[in-house]
Amino acid sequence: MTSEIPIRCLGGTSRTSGAHLIDHSPDHFEPILNYLRHGQLIINLRHQLIGVLSSRLFGIEQLAEQLETPQGKDCPRLDLRYINFKMANLKGTNLTHANLSGANLERADLSMACLDGANLQGVKMLCTNAEGATLRSCNFEDPAGIKANLEGANLKGVDMEGSQMTGINLRVATLKNAKLKNCNLRGATLAGTDLENCDLSGCDLQEANLRGSNVKGAIFEEMLTPLHMSQSVR
1 MTSEIPIRCL GGTSRTSGAH LIDHSPDHFE PILNYLRHGQ LIINLRHQLI GVLSSRLFGI
61 EQLAEQLETP QGKDCPRLDL RYINFKMANL KGTNLTHANL SGANLERADL SMACLDGANL
121 QGVKMLCTNA EGATLRSCNF EDPAGIKANL EGANLKGVDM EGSQMTGINL RVATLKNAKL
181 KNCNLRGATL AGTDLENCDL SGCDLQEANL RGSNVKGAIF EEMLTPLHMS QSVR
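First residue of the sequence shown: 1, per the UniProt record's numbering; consecutive thereafter.
Note that these hints are calculated values from the structure, not bench results.
Don't take each hint at face value.
List time: in silico DSSO-like cross-link candidates among lysine-lysine, alpha-carbon distance up to 27 Å [to be verified]: (1) LYS91 / LYS147; (2) LYS181 / LYS156; (3) LYS216 / LYS181; (4) LYS216 / LYS86; (5) LYS181 / LYS147; (6) LYS91 / LYS73; (7) LYS156 / LYS86; (8) LYS73 / LYS86; (9) LYS86 / LYS147; (10) LYS156 / LYS91; (11) LYS216 / LYS156; (12) LYS73 / LYS156.
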């Protein structure tokens with residue numbers, strides 16, 4: 001299989017014997033080497049994920065595609081900080097308690113995925129499809145002040161109960177039939193958001209921007225602070 005890799009892609013130096021020296025971390029390269037041995041992708045740690053993502057540098061397109069399309073895989077508690085999953089197919093994937101802070105999930109497919117307890121600080125989820133996913137007790141609040149961006153995301157039927165979402169951007173997102181009970185949405189941007197039949201019971205919406213949002217059938221029981229439809233972000 002290694003004979004199929006273009007020599008120019010190996011990125012190292014060669015000896016007079018013809019052997020090539022690859023300048024790459026052994027920990028990062030381990031899953032690539034194992035893939036070349038038996039054709040299966042086995043990853044356990046974040047640094048190995050980084051190594052597999054760099055497999056394109058070695059001309060191993062099939063391996064990179066496997067990581068970029070991990071549909072339905074079981075990936076709980078993985079450290080996936082700042083990894084680029086843009087347009088990735090993560091449908092039905094188990095990402096329970098995973099660390100996705102700073103990750104790019106723009107236009108990714110997270111429908112029916114499980115992200116309960118995940119760390120989503122500063123995550124980028126513009127136009128992400130997370131229909132039917134569960135994100136219970138997630139943390140979107142970055143102490144550095146970087147706001148999670150879910151603008152235009154499809155969040156139909158999601159369960160985000162108990163999540164911390166201060167300052168989150170949900171502008172023009174679709175939250176129809178979603179469950180957001182007991183969420184912290186202080187200073188959140190919900191302008192133009194579809195909140196039809198959304199359960200917002202027990203939420204803190206202080207200083208949240210709800211201008212132009214569709215609240216038909218939405219539930220606002222047991223609110224922690226008074227709700228004013230004229231609220232806007234300062």
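Consistency of the hints with the structure:
no.: 1; hint: LYS91 / LYS147; verdict: holds (24 Å)
no.: 2; hint: LYS181 / LYS156; verdict: holds (15 Å)
no.: 3; hint: LYS216 / LYS181; verdict: holds (17 Å)
no.: 4; hint: LYS216 / LYS86; verdict: violated (32 Å)
no.: 5; hint: LYS181 / LYS147; verdict: holds (21 Å)
no.: 6; hint: LYS91 / LYS73; verdict: holds (9 Å)
no.: 7; hint: LYS156 / LYS86; verdict: holds (20 Å)
no.: 8; hint: LYS73 / LYS86; verdict: holds (17 Å)
no.: 9; hint: LYS86 / LYS147; verdict: holds (18 Å)
no.: 10; hint: LYS156 / LYS91; verdict: holds (14 Å)
no.: 11; hint: LYS216 / LYS156; verdict: holds (15 Å)
no.: 12; hint: LYS73 / LYS156; verdict: holds (22 Å)
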